[in-house]
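Asks: Line by line, the protein sequences give chains A and B.
The letter at position 223 of the first sequence is residue 223 when you use this note's numbering, and the numbering goes up by one with no holes.
So the number in this note's numbering is just where the residue sits in the second sequence, counting from 1, plus 1000.
It should be emphasised that the hints constitute simulated quantities derived from the structure, not laboratory data.
Be aware that a few hints might be false.
As the list claims (entries may be wrong) - Computed cross-link-like contacts, DSBU-like style, restricted to lysine-lysine with a CA-CA straight-line distance of at most 35 angstroms:
#1 A:K247 / A:K270
#2 B:K1085 / A:K12
#3 A:K70 / A:K270
#4 B:K1002 / A:K198
#5 A:K12 / B:K1002
Computed from a predicted structure; not experimentally measured.
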Amino acid sequence: MEEQTGTFAVKKGLAQMLKGGVIMDVVTPEHARIAEEAGACAVMALERVPADIRAQGGVARMSDPDLILKIMDTVTIPVMAKCRIGHFVEAQILEAIGVDYIDESEVLTPADEENHILKHNFKVPFVCGCRNLGEALRRIGEGAAMIRTKGEAGTGDVVEAVRHARTVLGEIRRLTSMADEELMAYAKTIGAPYELVKETKELGRMPVVNFAAGGVATPADAALMMQLGVDGVFVGSGIFKSGDPAKRASAIVKAVTHFRDASILAEVSKNLGEAMVGRNISQMPEGEKIAGRGW
Amino acid sequence: MKIGVLAIQGDFAEHIVMLRHLGVETAEVRLPAHLDGLDGLIIPGGESTTIGKLSVDFGLLEPLRAFGKTHAMWGTCAGAIFLSKDARRNQPLLGIMDITVERNAFGRQVDSFEADLAIPELGEGNPYHAIFIRAPIIESVQADASVMVSLPDGRIVAARQGKLLATSFHPELTRDARFHEYFLTLAR
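Between the sequences and the hints, there should be enough to build the whole structure, so can you do that?
Replies: Right under this line is the structure:
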C-alpha cells in the first residue's frame, strides 16, 4: 500500500473538516484552552491579536515558534499560525514545527510586494485572504487549500467582511450564469487562472472552503456571515479583547451552528458583557487599512 | 428512506451531496426534534470536541444514544470518535460502540494521507481509495464489535457493531459512493 502525504486532497480536506466552525485567535496556551473548551474547531496561534498589532505598529512578523509549540501541546484541535505574505522561509519554519495550517496573512507586514508564496511546494496546507474572486483564485492557483475573505482585521467592524463576502459570492453567482465562451475573457478581467474560473463555474462555488474573517465581534456578526454563504468564521480580536472571552467564544460557536435559528441566536446573545471597543472603518485613514495588502 | 446528517460542525454538506447522489432523502440534524422520522444518521468528520460540546449544550447526547439503539448510525473520523466508548481523554462521547480510539493517531496534518485499501464488503477487485485527515485509529474492538478494515500494519481503521459503523477515513471526500451504499444496506 502506497501512502501519499501532502496531496491537495488532504490539504483541502482538513479545511472541509473545519466547516461550520469557528477558528479563534489565541496568544497564550491559556487562551487556547478557553477556545477549545468553548468549542472552537481550530486556533490561530500568534503573539499579538490584530487589534494590538494595529495599536502598537511596527513590523509584524511570524510568532515565536516556542509559543506556537506550547499552544500545540495544550490543545488537541488543529493549530494554525501566520507567516508574512511572500515570506517562504517563515513558512518553512512553521512547516518544520508541524503547524496544521499556515495563514499567509495580510495582518502581518508583507515581505514581498509582488509575489505570494508558491504554496504547492509545501506539505502543510495554506489559507489566504481575498477581497474578490480573482484574488481568491490567484491564491488557489499558487496552492492555497482554503480561502478566507479578508474583512478588516482588528477593528471589530464587520462592514468590510460583509463587503468582501458579498463581492466574492456575488461574482460566483454571476459566473455560474455565463456562457462557456465568456470564461476566458472573464478570467482575463479578474486576473484569475482560466482552469479555476471554469472549475468554479462547474461547481457553482469556490473550489476550496471559504471562511469569513476580519471584524466579526458578536454571535450576530458570525451568523450574518454564515447566512451570506461562507463555510465558517475566523474570530480574531473579537473574543479575547471582549469583557468575558469564554462566554463570548461559546456564544459565537453556537451562533455558527444555529446560524438560521433566530431564537437560539437571541438566547446566546444575552448578557455577553462588553464587546471589543472596535474601530469604525468609515473614519479610518486609507493608510491604516490592511486588506489592501496582497496582490 | 430518509437519512439524517448531524450538522453541528464539520463536513456534513459533503455527506448530504453523496446521499442525494444515491437518491436518498436527507435532513440536517442540529436539535433533538430533527431526529424524528429518520431511518439512519451519519456523524460527519469535523472536530470531535466541538461536536461533543454542542451536543451537550443542546441536549442531543441522550436522544442520539437512544436513536443509535434502534437505527443505523455511521461516524466518519470525528464521528467515529464520538460513537466510541473510550477516546483516551476526557471529552463528551456517545459511548454506544464498543471500540477504543486514539485521536490524531497518525500525527499532525503534515502526516495526513491517502491510500488504497482492500475492503471485501465493498466487493472484490477495485481497491477503495481512502483519505485520512488527522485521523484516529481504532485501538481495539470489544464485545460484539468487529474489525472491518485494517491497514497492512494491522492498525484498525473501520469497525462495525450491528447497525453501527465507524471509519477513521472520509468516504464523503471521494467520488466513490460504495461506502455510503453499504451504510444504506444497514439502514434498510
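Asks: Given the proposed pairing of A:K247 with A:K270, does the C-alpha separation stay at or below 35 angstroms?
Replies: holds, 10 angstroms
Asks: Verify the proposed pairing of B:K1002 with A:K198, using a straight-line Cα cut of 35 angstroms.
Replies: Distance ~34 angstroms between B:K1002 and A:K198 Cα, so the pair holds.
Asks: Are A:K12 and B:K1002 close enough, with their CA atoms no more than 35 angstroms apart?
Replies: This hinted pair holds, its Cα atoms lying about 29 angstroms apart.
Asks: Does the alpha-carbon distance linking B:K1085 and A:K12 stay inside the 35 angstroms limit?
Replies: holds, 30 angstroms
Asks: Going straight from one Cα to the other, do A:K70 and A:K270 come out at no more than 35 angstroms?
Replies: Satisfied, since the Cα-Cα distance of roughly 34 angstroms is no more than 35 angstroms.
In summary, this structure violates none of the numbered hints.
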